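K.L.:
Place chain H on chain D using the hints.
Here the protein sequences come in this chain order: D and H.
By the count of this note's numbering, the first sequence reaches residue 345 at its end, each step adding exactly one.
By the count of this note's numbering, the second sequence reaches residue 345 at its end, each step adding exactly one.
Check the hints yourself; a few may be wrong.
[Said to hold, decoys possible] Between beta-carbon pairs, the in silico distance windows are:
#: 1; chain 1: H; residue 1: A54; chain 2: D; residue 2: D28; range: 29 to 37 Å
#: 2; chain 1: D; residue 1: V265; chain 2: H; residue 2: S268; range: 23 to 31 Å
#: 3; chain 1: D; residue 1: G125; chain 2: H; residue 2: Q238; range: 44 to 52 Å
#: 4; chain 1: H; residue 1: R190; chain 2: D; residue 2: E64; range: 34 to 42 Å
#: 5; chain 1: H; residue 1: G50; chain 2: D; residue 2: E235; range: 46 to 54 Å
#: 6; chain 1: D; residue 1: G110; chain 2: H; residue 2: A106; range: 31 to 39 Å
#: 7; chain 1: H; residue 1: Q267; chain 2: D; residue 2: R211; range: 25 to 33 Å
#: 8; chain 1: D; residue 1: A127; chain 2: H; residue 2: A127; range: 43 to 51 Å
#: 9; chain 1: D; residue 1: A127; chain 2: H; residue 2: R190; range: 48 to 56 Å
Hints are computed from structural coordinates only; laboratory data are not their basis.
Remember, predicted model here, so these are calculated numbers, not experimental data.
Every residue gets a Cβ at the ideal spot worked out from N, C-alpha and C, and that includes glycine.
There are 2 protein chains.
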Amino acid sequence: MVVRYEARDRIARITLDRPERGNAITAEMIGELAACVERADLDPEVHVLLLAGSGPGFCGGYDLVESAEGMGRAAEQAGDGGQGSVAPPAGSPIDPAVIAANHDPGRAWDPMVDYAMMGRNVRGFMSLFHCGKPVVCRVHGFCVAGGTDMALCSDLLVIASDAKIGYPPARVWGSPTTALWALRVGDQRAKRLLFTGDSLSGAEAAEWGLAIEAPEPEQLVERTEVLLERIARVPVNQLMMMKLLVNQSVYAQGLHAAGARHRLRRHHPPHARGIRLPAAGGRSGLPRGGARARRALRRSRPLELQGLSSAPGGGVQGSPRCCVGG
Amino acid sequence: MVVRYEARDRIARITLDRPERGNAITAEMIGELAACVERADLDPEVHVLLLAGSGPGFCGGYDLVESAEGMGRAAEQAGDGGQGSVAPPAGSPIDPAVIAANHDPGRAWDPMVDYAMMGRNVRGFMSLFHCGKPVVCRVHGFCVAGGTDMALCSDLLVIASDAKIGYPPARVWGSPTTALWALRVGDQRAKRLLFTGDSLSGAEAAEWGLAIEAPEPEQLVERTEVLLERIARVPVNQLMMMKLLVNQSVYAQGLHAAGARHRLRRHHPPHARGIRLPAAGGRSGLPRGGARARRALRRSRPLELQGLSSAPGGGVQGSPRCCVGG
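Pulled out of the complex, with its shape left as it was, chain D reads as follows (with noise of 0.2 Å):
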């Protein structure tokens, strides 16, 4: 269990429960959130959800080197008949060793394969925004890459002031999944971000109305409370149309097509960005194996955590220590 769910007076807590690894985003985190949110749109006495993350930030986007490690073992499953897997089902779009084959800088990239294993990824984070139920995300310490899907996805966000909170990997990895920014930020601010990788600060999320609130850190979790309590008090059945009701122009907006025209092109080739992934038969020129992999993947840490603190204007300082990506 990587994901702990709570509820109680009318409030389901949902909390991202990896601190040691800055809660980075495993295949099974997506699963379990997604179940969780389930569970509490499901539950009668539940009017509201929060979504937070334990330790010292919300989250640190996806976790590469838990992907490299995968793959490193998927690879060694190839070279001896790939036997001992179980689920995912061998050779789909889940499979490690696919996802491996598929980031092989000396094959062909199947940009279908990518798209198949995301978009379940997607309609992960997504139960946030179809969930019937408000979903208020709390943001403290740094909320970057994949993380912002699921703050993105929610419905409200209350961020600390001096959180960061941004899409780094839009430098060199990829672009964001869940297509939201422009429909949060409007298309100047997302450009602004998107073709910097610049992050924000919470104070500046609040500013530019991406966030609803950004509490000074030692305030961040009883504004929270404030406002979940405000939400709890309202009947159920009218916090579910209201949400409808601004979800439908969200839906006329065009987020559908634009989600899903985005996600097949959603990150370029791996052997024309530079950047090389651990891949099955070590045709990468990295090495293979779980340690050597991990080893590797850190020297090869993605530029938007160098980039964090770098940006003038809409920047901030200090990046957190786990290992991201888009």
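P.N.:
Just chain H now, with coordinates in the frame of chain D:
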């Protein structure tokens, strides 16, 4: 198991398998359908899916008898404290007792309870639309009411020339929840069908472009196999791109906005529509319990079955012998 699954030679065959009830839809069937679709979608050997039905016809719509019995049981359980029910979650919008109470003409109608329940069914049907790979639907005999949700969420329809397809519940019961008719046949023809509840013959469905082919009944299986084999020869990533390419224009036409807005009002309050479901506590005036509820519901068999034979200019003769609904 009410849905059978078989995959070989690049084709996954999904068969609705409640022939004794005209493959009438239950919550169990929808869940199994979605699971089979995902299984085929993830199987790297599968290029194309076939959806078909066993017995005398493809699908007669929702199983109102099973609903009524479920509600009867729920009412009895409510009478002795609601013990004994485990899943679905008690008090949730998919709890039969909640559905029954919401259909009690003596009580207020909560559209959000209905939306939450029906939205989950729609998600199940739409698994056919969202499946990355093509889905061919083969219809014989009849495809009416909720059965059309499955046929229209599929990519290609091959229908026997003498089969009936339509949405008879349009006359009184409610409206099609997947909201695909206008997208499939255009506004004029959709209104012609939905303002009357008239059905089309398979031959008419092909003339109107709703079906891609309408062979004579004895040719139906063979013609469908020819199409499946033609599709199965194409590389699976090509097929996925082509499906996405076409579906994007459907997204762009507002499918999700129309569907979500529509499902909120998908049927009018039961106390205003003259058809009464057996409800918790017997307040509807119908008797309690399974067998009696079934008899009562048969007496109040929805109008669409009578009407299937009455449409001048567009209708067809004959009707399935199962009890169907919206």
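K.L.:
What are the numbers of the hints that this structure violates, sorted from low to high?
P.N.:
8
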